[in-house]
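Enquirer: Could you put together the complete structure from these sequences and hints?
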Amino acid sequence: MNSDELLLDVSGVTLQYKTTSHVVTATYRVSFQMLKSDRFVLLGPSGCGKSTLQKAVGGYIPPTEGEMRLKGRLITKPGPDRMMVFQEFDQLLPWKTVRQNVAFALEAAKRMPKREAADRAAHYVEMVGLSKFADSYPHMLSGGMKQRVAIARGMAMEPDILLMDEPFAALDALTRRKMQDELLGLWDKTRFTVMFVTHSIAEAIKIGNRILLLSPHPGTVRAELNSATSPEDIMHLEREIHEMLFAETPAEAAHA
Amino acid sequence: MPKQMSVVAGTEMMSTSRPEIRNPPSLEEIRVVEKPRSLFDKLYGEDFVRKGLILIALAIIWEVYGRWLNNELLFPTFSATMVAFVKAVASGVLPARAWSSIKVLLMGYAAGIMLASLLTGLAIASRIGRDFLETMTSMFNPLPAIALLPLALIWFGLGNGSLIFVLVHSVTWAIALNTHAGFLSVSKTLKMVGRNYGLSGPSFVLKILIPAAFPSILTGLKIGWAFAWRTLIAAELVFGVSSGSGGLGWYIFENKNMLDIPSVFAGLLTVILIGLIVENVIFRMIEQRTIHRWGVQS
Numbered sequence: 000m001n002s003d004e005l006l007l008d009v010s011g012v013t014l015q016y017k018t019t020s021h022v023v024t025a026t027y028r029v030s031f032q033m034l035k036s037d038r039f040v041l042l043g044p045s046g047c048g049k050s051t052l053q054k055a056v057g058g059y060i061p062p063t064e065g066e067m068r069l070k071g072r073l074i075t076k077p078g079p080d081r082m083m084v085f086q087e088f089d090q091l092l093p094w095k096t097v098r099q100n101v102a103f104a105l106e107a108a109k110r111m112p113k114r115e116a117a118d119r120a121a122h123y124v125e126m127v128g129l130s131k132f133a134d135s136y137p138h139m140l141s142g143g144m145k146q147r148v149a150i151a152r153g154m155a156m157e158p159d160i161l162l163m164d165e166p167f168a169a170l171d172a173l174t175r176r177k178m179q180d181e182l183l184g185l186w187d188k189t190r191f192t193v194m195f196v197t198h199s200i201a202e203a204i205k206i207g208n209r210i211l212l213l214s215p216h217p218g219t220v221r222a223e224l225n226s227a228t229s230p231e232d233i234m235h236l237e238r239e240i241h242e243m244l245f246a247e248t249p250a251e252a253a254h255a
Numbered sequence: 000m001p002k003q004m005s006v007v008a009g010t011e012m013m014s015t016s017r018p019e020i021r022n023p024p025s026l027e028e029i030r031v032v033e034k035p036r037s038l039f040d041k042l043y044g045e046d047f048v049r050k051g052l053i054l055i056a057l058a059i060i061w062e063v064y065g066r067w068l069n070n071e072l073l074f075p076t077f078s079a080t081m082v083a084f085v086k087a088v089a090s091g092v093l094p095a096r097a098w099s100s101i102k103v104l105l106m107g108y109a110a111g112i113m114l115a116s117l118l119t120g121l122a123i124a125s126r127i128g129r130d131f132l133e134t135m136t137s138m139f140n141p142l143p144a145i146a147l148l149p150l151a152l153i154w155f156g157l158g159n160g161s162l163i164f165v166l167v168h169s170v171t172w173a174i175a176l177n178t179h180a181g182f183l184s185v186s187k188t189l190k191m192v193g194r195n196y197g198l199s200g201p202s203f204v205l206k207i208l209i210p211a212a213f214p215s216i217l218t219g220l221k222i223g224w225a226f227a228w229r230t231l232i233a234a235e236l237v238f239g240v241s242s243g244s245g246g247l248g249w250y251i252f253e254n255k256n257m258l259d260i261p262s263v264f265a266g267l268l269t270v271i272l273i274g275l276i277v278e279n280v281i282f283r284m285i286e287q288r289t290i291h292r293w294g295v296q297s
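Protein sequences appear in the order of chains P and Y.
Each residue of the first sequence is one higher than the last, beginning at 0 in numbering that gives the first Met the number 0.
Each residue of the second sequence is one higher than the last, beginning at 0 in numbering that gives the first Met the number 0.
What the hints contain is simulated information worked out from the structure, not anything from laboratory work.
Check each hint, because a few of them may be wrong.
[Claimed, not checked] Using 30 Å as the maximum straight-line C-alpha spacing, the simulated DSSO-like pairs for lysine-lysine come out as follows:
1) P/Lys95 to Y/Lys187
2) P/Lys113 to Y/Lys187
3) Y/Lys86 to Y/Lys50
4) P/Lys177 to Y/Lys187
5) Y/Lys206 to P/Lys113
6) Y/Lys34 to P/Lys131
7) P/Lys35 to P/Lys177
8) P/Lys177 to Y/Lys190
9) P/Lys95 to Y/Lys221
None of the values given here were measured: they were computed from a predicted structure.
Expert: This is how it looks when you write it as structure tokens:
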């Protein structure tokens with residue numbers, strides 16, 4: 000499935016952020032490698048630093064220790080080679096239509112000529128099934144449609160990695176399932192590389208081909224697993240992950 | 000025993016009396032159900048019709064009160080004011096005065112906007128710039144522009160220079176304050192999106208911050224406009240401008256001296272009319288093309 004080409008190399012990354020009174024360690028010496036066309040999932044309970052880790056890969060947070068290399072280049076600042084898809088619905092520019100939102104990213108970041116950007120935008124807007132709404136403004140769309148636009152925008156840039164931070168967490172359960180299927184469908188078509196953050200075990204197994212399991216306070220790598228496809232394997236894997244996540248806190252396991 | 004029986008019978012009846020419904024997926028296209036609105040409903044739905052009604056009602060109250068008072072020196076009627084207004088417009092005096100006021104106003108307003116952009120630009124770029132802006136606005140925003148007029152007269156003399164100086168003072172702080180507040184309240188996600196595109200510096204401000212903060216900026220522009228207009232008329236009332244070419248404030252002052260009170264009212268009416276037009280035509284048009292369309296008005 001993978002071409003085994005090393006894309007992202009994260010080695011010994013410690014991330015810290017300052018509050019007014021403390022320095023908090025979000026992740027401690029995390030290492031992993033992503034290959035081309037990976038659907039790499041960061042999974043863990045809240046507080047395990049998975050979102051922070053992804054923001055660091057996005058270039059928003061410099062690591063205090065360790066380094067991250069994308070195609071051998073050190074990551075120092077945000078850039079269009081790592082497009083983010085956020086959880087929030089307000090990530091679309093409200094003053095641009097669906098089509099313009101996708102095209103503007105291309106014009107602003109890649110300095111693509113207007114015509115070419117418009118063509119490519121139309122293509123990707125169609126790909127996520129929003130051609131009818133291409134000239135609508137974001138405030139007229141439902142949450143699922145906004146996330147589709149954000150995904151179209153991310154994919155249109157054809158980045159090295161698409162970074163998705165719980166993109167479906169704010170959606171209702173039915174829409175979420177539909178979006179997961181659509182994302183896999185899109186992946187089948189273009190084989191993009193995606194790093195996906197989630198706290199849902201089922202979503203991780205469904206979306207990912209490789210799962211990085213993080214344990215909290217501070218975030219450290221608990222396991223790095225291959226995902227499963229057959230129903231028995233999925234059940235097995237789900238139980239294994241569940242046990243790993245709750246092994247340290249038997250009280251919580253009893254509740255769950 | 001009979002009681003129990005009846006309960007069982009009841010539940011049975013419940014389940015049989017509520018059949019399940021399964022519709023096949025509908026194949027025919029569902030048409031939009033519409034009901035045409037009545038003419039009154041349509042007209043009343045228009046902003047300008049409702050506001051026009053209010054204006055007409057106010058004019059009637061004015062007329063009735065003026066006639067009842069019957070004292071042209073204290074409170075001329077609406078019709079007398081309109082006669083004076085039409086006469087002054089026809090003779091070309093009022094339009095000339097209004098134009099000379101608006102000319103000065105636009106110069107001051109434009110200069111104020113430029114100064115405000117410069118200050119907020121610095122405030123976004125650096126922490127010291129932000130402290131500077133905050134300190135300056137807290138010092139000068141509460142200071143009435145008119146209070147600077149005596150100083151301005153000494154510095155710039157009896158002319159447009161002084162007027163523009165006080166106008167810039169009255170406009171700048173309101174706009175800078177609102178724009179800065181707007182920039183600060185731009186959502187973190189949008190800022191991250193902008194940086195994700197690789198935007199930074201002036202292009203980041205121009206393409207992300209300004210449109211995202213546009214509701215606040217527009218509020219600032221409106222407040223700045225109102226401040227400027229007030230300050231200008233007040234300043235003109237105090238000293239007019241070099242003889243003969245004064246603005247609306249001077250027109251009002253002159254006619255008061257000649258006890259031509261309907262003309263004073265006509266001057267005031269012009270000030271009000273220009274205010275109404277700017278607010279309801281120009282700013283409304285900008286709003287409809289921007290924040291209404293984007294669904295971001297607060």
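Enquirer: If a hint holds in the structure, say so; if it doesn't, say that too.
Expert: Structure-based check of each hint:
1. P/Lys95 to Y/Lys187: holds, 18 Å
2. P/Lys113 to Y/Lys187: Holds, because 28 Å separates the two Cα atoms, which is no more than 30 Å.
3. Y/Lys86 to Y/Lys50: Roughly 26 Å between the alpha carbons, so the hint for lysine 86 of chain Y and lysine 50 of chain Y holds.
4. P/Lys177 to Y/Lys187: holds, 28 Å
5. Y/Lys206 to P/Lys113: holds, 16 Å
6. Y/Lys34 to P/Lys131: Status holds; Cα separation ~25 Å.
7. P/Lys35 to P/Lys177: holds, 25 Å
8. P/Lys177 to Y/Lys190: holds, 29 Å
9. P/Lys95 to Y/Lys221: holds, 24 Å
Hint compliance for this structure: no hint is broken.
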